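A.B. asks: Given the sequences, and given the hints that come with them, work out the whole structure.
Chains D and U supply the protein sequences, listed in that same order. So the mapping is simple: our numbering equals the position in the first sequence, first residue as 1, plus 10. So the mapping is simple: our numbering equals the position in the second sequence, first residue as 1, plus 12.
Simulated from the structure, these hints should not be mistaken for lab results. Note that the structure is a prediction, hence the values are computed from the model and not measured. There may be inaccurate statements among the hints.
So, partial list: chain D residues that the calculated Cβ filter (under 7 Å) puts toward chain U [stated by the list, open to error]:
{"#": "1", "residue": "Pro129"}
{"#": "2", "residue": "Asn213"}
{"#": "3", "residue": "Ile593"}
{"#": "4", "residue": "Gly594"}
Note that beta-carbon positions come from the ideal geometry of N, C-alpha and C, so glycine has one too.
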Amino acid sequence: MMIEVPSGRVRSSPAMILFFFLVFLLGFPVRSGADDLFPGYASEVRAQALRVVEAAGPGKEEELAIEVRGLRKKMYSHGILSVNAIPELVFRRADREGWKNGLGPAFRLIAEISPLSAPVWAWMVMEDIRGLRFSDLFPDLAGLSGAIWRFGPARLGYAVWLVSFALAAASWFVVWTSIALFLRARPSLELDIPRVLRLPYRNYLSPLAVAVLFLLPLFAGFGFAVVACYWMVLSVAYLRRGELMLMSIAILLIVGIFFGGSMLHLASGVAGGAPGEGYLGVDGSIPRTWPSESGKGQAQGSGAAPSWLVLFSRARTKMQAGDHAGAERLWTELIESGQDLPEVRNNRGINRVKQGRMRAALSDFEAAFVKRPGEGAALWNVYQGYLQMFNLERARMIQPLAWDRVQKLSPFRFRPSDMEAGEWVGSPLPVDELFWETLQRGNDLYREAGEGEVYRMFFRPLSPGVALLFLFAVWLTSVIWRFFSLRVWVHTACRGCGTRTLIVGIRESTDFCNMCRMQVGWGIQEGEEKERRIQGIRMHRNSVRAGSVVVPGSGGLWSGKEGWTMLYVVLLCLSLAAVSVSIGARGKGDILSDLESIVARWAFLVTGVLWIIGAAWGIRSFGRMQQTLKISGKRG
Amino acid sequence: MQGKIADFSIPEIFQLVTSQQKSGALTIRGDERETIFLFSDGMIVDVQPDRQKAPSTLIGNMLVDAGYLTAEELRRILSIQEKENRKIGEILVERGKISREKLAQYLYLQVKDSLYFSLRIKEGDYRFEVFAVRPPTWMATPMRGDILLMEGMQFLDEYAWIREKFPPERFKIARKLGVKIDPMALPPQEREVWGAVYSSSDPYLVFRKACLTWHEGLKALWGLWDRGLVEISPVDSETQDTGRAVREDIARRFSIGCVRAAIWSLAAIVAGFWVYRILLSPPASHLLAGWAEFYR
Numbered sequence: 011m012m013i014e015v016p017s018g019r020v021r022s023s024p025a026m027i028l029f030f031f032l033v034f035l036l037g038f039p040v041r042s043g044a045d046d047l048f049p050g051y052a053s054e055v056r057a058q059a060l061r062v063v064e065a066a067g068p069g070k071e072e073e074l075a076i077e078v079r080g081l082r083k084k085m086y087s088h089g090i091l092s093v094n095a096i097p098e099l100v101f102r103r104a105d106r107e108g109w110k111n112g113l114g115p116a117f118r119l120i121a122e123i124s125p126l127s128a129p130v131w132a133w134m135v136m137e138d139i140r141g142l143r144f145s146d147l148f149p150d151l152a153g154l155s156g157a158i159w160r161f162g163p164a165r166l167g168y169a170v171w172l173v174s175f176a177l178a179a180a181s182w183f184v185v186w187t188s189i190a191l192f193l194r195a196r197p198s199l200e201l202d203i204p205r206v207l208r209l210p211y212r213n214y215l216s217p218l219a220v221a222v223l224f225l226l227p228l229f230a231g232f233g234f235a236v237v238a239c240y241w242m243v244l245s246v247a248y249l250r251r252g253e254l255m256l257m258s259i260a261i262l263l264i265v266g267i268f269f270g271g272s273m274l275h276l277a278s279g280v281a282g283g284a285p286g287e288g289y290l291g292v293d294g295s296i297p298r299t300w301p302s303e304s305g306k307g308q309a310q311g312s313g314a315a316p317s318w319l320v321l322f323s324r325a326r327t328k329m330q331a332g333d334h335a336g337a338e339r340l341w342t343e344l345i346e347s348g349q350d351l352p353e354v355r356n357n358r359g360i361n362r363v364k365q366g367r368m369r370a371a372l373s374d375f376e377a378a379f380v381k382r383p384g385e386g387a388a389l390w391n392v393y394q395g396y397l398q399m400f401n402l403e404r405a406r407m408i409q410p411l412a413w414d415r416v417q418k419l420s421p422f423r424f425r426p427s428d429m430e431a432g433e434w435v436g437s438p439l440p441v442d443e444l445f446w447e448t449l450q451r452g453n454d455l456y457r458e459a460g461e462g463e464v465y466r467m468f469f470r471p472l473s474p475g476v477a478l479l480f481l482f483a484v485w486l487t488s489v490i491w492r493f494f495s496l497r498v499w500v501h502t503a504c505r506g507c508g509t510r511t512l513i514v515g516i517r518e519s520t521d522f523c524n525m526c527r528m529q530v531g532w533g534i535q536e537g538e539e540k541e542r543r544i545q546g547i548r549m550h551r552n553s554v555r556a557g558s559v560v561v562p563g564s565g566g567l568w569s570g571k572e573g574w575t576m577l578y579v580v581l582l583c584l585s586l587a588a589v590s591v592s593i594g595a596r597g598k599g600d601i602l603s604d605l606e607s608i609v610a611r612w613a614f615l616v617t618g619v620l621w622i623i624g625a626a627w628g629i630r631s632f633g634r635m636q637q638t639l640k641i642s643g644k645r646g
Numbered sequence: 013m014q015g016k017i018a019d020f021s022i023p024e025i026f027q028l029v030t031s032q033q034k035s036g037a038l039t040i041r042g043d044e045r046e047t048i049f050l051f052s053d054g055m056i057v058d059v060q061p062d063r064q065k066a067p068s069t070l071i072g073n074m075l076v077d078a079g080y081l082t083a084e085e086l087r088r089i090l091s092i093q094e095k096e097n098r099k100i101g102e103i104l105v106e107r108g109k110i111s112r113e114k115l116a117q118y119l120y121l122q123v124k125d126s127l128y129f130s131l132r133i134k135e136g137d138y139r140f141e142v143f144a145v146r147p148p149t150w151m152a153t154p155m156r157g158d159i160l161l162m163e164g165m166q167f168l169d170e171y172a173w174i175r176e177k178f179p180p181e182r183f184k185i186a187r188k189l190g191v192k193i194d195p196m197a198l199p200p201q202e203r204e205v206w207g208a209v210y211s212s213s214d215p216y217l218v219f220r221k222a223c224l225t226w227h228e229g230l231k232a233l234w235g236l237w238d239r240g241l242v243e244i245s246p247v248d249s250e251t252q253d254t255g256r257a258v259r260e261d262i263a264r265r266f267s268i269g270c271v272r273a274a275i276w277s278l279a280a281i282v283a284g285f286w287v288y289r290i291l292l293s294p295p296a297s298h299l300l301a302g303w304a305e306f307y308r
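C.D. replies: Structural data, given as structure tokens:
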């Protein structure tokens with residue numbers, strides 16, 4: 011009989027695995043943290059990037075500069091152009107530790123390793139303006155424009171900002187115009203609508219009826235464009251030529267909003283679904299998510315990302331992660347698929363260098379330079395290639411041009427004197443190609459319009475197919491109703507005193523009642539009749555004043571100053587648009603949120619000032635018009 | 013000849029001119045109006061009432077009040093009169109608006125009205141200018157000043173007594189419902205008033221329609237009332253006080269203004285919330301701030 015003795019080695023194996031795992035974690039704490047903070051980069055880059063973040067602090071510029079120089083060398087050796095996560099991490103640390111106001115010097119150093127981070131440049135521009143440092147302002151502005159121009163998400167973000175800003179401004183203009191025009195028509199509508207509907211108790215029910223008509227589409231849940239059109243059609247019979255022009259502009263702007271919303275929708279699709287982390291931002295941060303594979307090969311449809319650009323990003327990712335062989339295969343695949351771009355050749359050259367195939371790399375660099383002689387990165391790499399192969403004669407020949415070109419690559423602040431140890435300059439994602447491809451999808455603008463969130467908010471319950479027809483119908487109805495109103499009996503409200511008269515053939519010449527046209531002031535009769543006229547004038551004045559406060563500048567319409575009113579409204583809408591596009595960008599705790607908080611504060615302030623100015627101007631211009639009609643503030 | 017009415021009264025002046033069969037113009041000024049009587053051989057042949065102060069005694073307005081002309085027709089006739097420089101009566105007769113006889117009746121009424129008013133003047137002055145006056149063509153039987161004067165004196169004596177019969181304030185008249193009567197059985201002036209009552213409830217307009225002076229009309233109306241043919245009731249103070257209606261309208265407009273202000277304030281709040289929701293609320297601002305995600 012055999013007695014089995016339990017093996018101690020087998021029993022202890024789980025404990026041993028756990029022990030080694032803990033030792034592993036304790037042995038590489040920095041590496042594990044860097045993995046979380048800078049995923050996807052080569053390990054040496056990740057480790058150095060973490061040291062940069064830790065080195066930043068108030069009065070620690072020298073220490074930071076050393077770490078930044080170290081990271082720069084490691085980045086260039088892998089063709090990495092920018093690590094955009096670094097300034098965000100430094101900002102969060104500064105915010106947490108309370109030295110956010112002293113971030114300027116640190117960011118000036120960090121800009122060398124995060125040149126594609128537009129928020130960093132914007133922060134420095136803000137600091138320059140705040141400190142009145144004009145010598146730094148223009149280079150920083152150049153850096154900001156360079157970051158926006160060369161970094162895919164930044165350029166697309168800028169385009170989206172422009173569209174969003176224009177869309178918000180147009181929306182505010184439409185809202186202002188539709189409400190102001192309705193208020194202009196309100197006194198006449200209060201008599202005409204009960205007359206047409208044959209309402210009982212007209213004196214009391216007419217204001218209620220018009221208010222209900224005003225609010226009806228809001229409670230019905232219609233989109234803002236539909237509501238604005240409804241208000242404008244109701245008021246068109248009573249408007250002057252200048253006001254009709256305002257209305258036409260508003261309808262055109264709604265058409266613009268229709269296409270603007272479509273642009274925003276397409277932009278999110280082009281960006282790969284996740285703008286911050288998608289394929290587009292590969293030169294600033296390695297993407298964690300990628301556009302779905304279904305988009306591949308269907309780049310021309312439904313606003314999806316062009317598949318070859320996604321492939322470019324994958325190759326750049328492998329390149330920055332140190333997988334040079336894998337990256338080279340993707341570059342070659344791109345070239346064979348017809349995308350033989352200088353950027354592709356240049357990047358493949360770097361991968362070949364890293365694999366020790368200098369001659370093949372040099373041919374790629376030269377091919378890139380030949381394809382686009384203005385390409386500074388390729389020329390620099392050719393120069394570096396000659397140096398590495400000790401072809402000093404050729405290197406010396408192209409050195410001045412290579413140095414000059416690489417220094418001018420904005421926003422990268424390359425210093426050729428510090429780059430003599432095998433630093434290679436990679437090519438970022440060719441953003442221009444993306445824009446050309448996007449522009450070629452003009453048809454999608456109309457086809458995709460109904461898919462966007464803007465459409466749902468602004469045009470419900472209309473279906474996308476009829477939205478433009480609806481706007482045309484609104485315009486046509488306005489024209490027809492306008493001409494028809496010249497042939498029927500409608501009420502006109504005197505702009506001077508508010509007296510309402512039922513007339514046929516409403517025109518601008520009927521804007522003033524006979525009393526105002528004769529400039530008889532409060533009235534020619536004595537006693538109660540005079541009191542009644544005074545009361546009418548005061549009520550009219552109060553309603554115009556209240557309207558001018560609620561809808562600033564609308565008093566200008568009553569005083570017949572449509573041109574000045576339009577100019578004012580444009581300014582007001584621009585400032586309101588700045589509020590609209592900036593308040594939503596706050597509260598995320600990053601650099602951009604901080605900057606947008608400042609922008610929002612200023613936009614609020616400017617809007618408030620413009621609001622007060624508009625209200626005062628509207629009241630004043632209306633008061634002056636009454637004075638010319640001899641309706642002063644005094645009785646008699 | 014001229015002087016003060018206080019020294020030489022109106023009846024005395026009329027008596028003097030009539031008895032001496034003078035021709036000329038007697039101008040009487042008093043109670044802020046000026047009336048000119050034309051005499052031809054002691055007979056009153058025409059009168060020119062004060063256009064500014066006594067418009068109701070102008071022949072055109074009398075005919076409008078009596079319902080023979082509309083205000084618009086009168087305006088047209090007056091513009092023709094201005095162009096052609098002719099008497100208004102001639103134009104009216106010529107255009108068939110009124111018969112010659114009817115015109116004569118109303119001119120007679122105009123003279124009587126003016127004379128009765130002049131007899132009440134206590135302070136003022138008079139002036140008589142002698143010149144030849146030819147009787148107008150419409151005058152079939154000239155008016156004797158002494159007879160008119162006697163009627164006028166009687167008017168002065170009786171007026172207070174008759175006026176007391178009626179309500180002190182303004183009143184209105186109407187035929188009593190269900191009354192049937194042969195008008196020919198009534199005295200002439202009462203018959204005229206009975207016939208004219210259908211045209212208006214305002215006694216002034218009824219008397220004009222009946223071509224009677226105020227005094228004659230009141231006297232005839234009293235006769236009808238006494239016979240139980242008409243009803244007399246005071247005019248409502250509401251309609252009498254035209255200012256009150258306007259004051260009430262002012263109050264009503266004020267209350268409507270308050271209602272309107274309340275309604276539109278509410279509407280402004282709702283619209284403001286709507287604007288906030290579409291352009292400033294978190295979902296909207298998130299939509300408009302989608303650009304920021306490209307920088308994160």
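A.B. asks: Tell me, in ascending order, the numbers of any earlier hints that this structure violates.
C.D. replies: Checked against the structure, no hint fails, so every one of them is satisfied.
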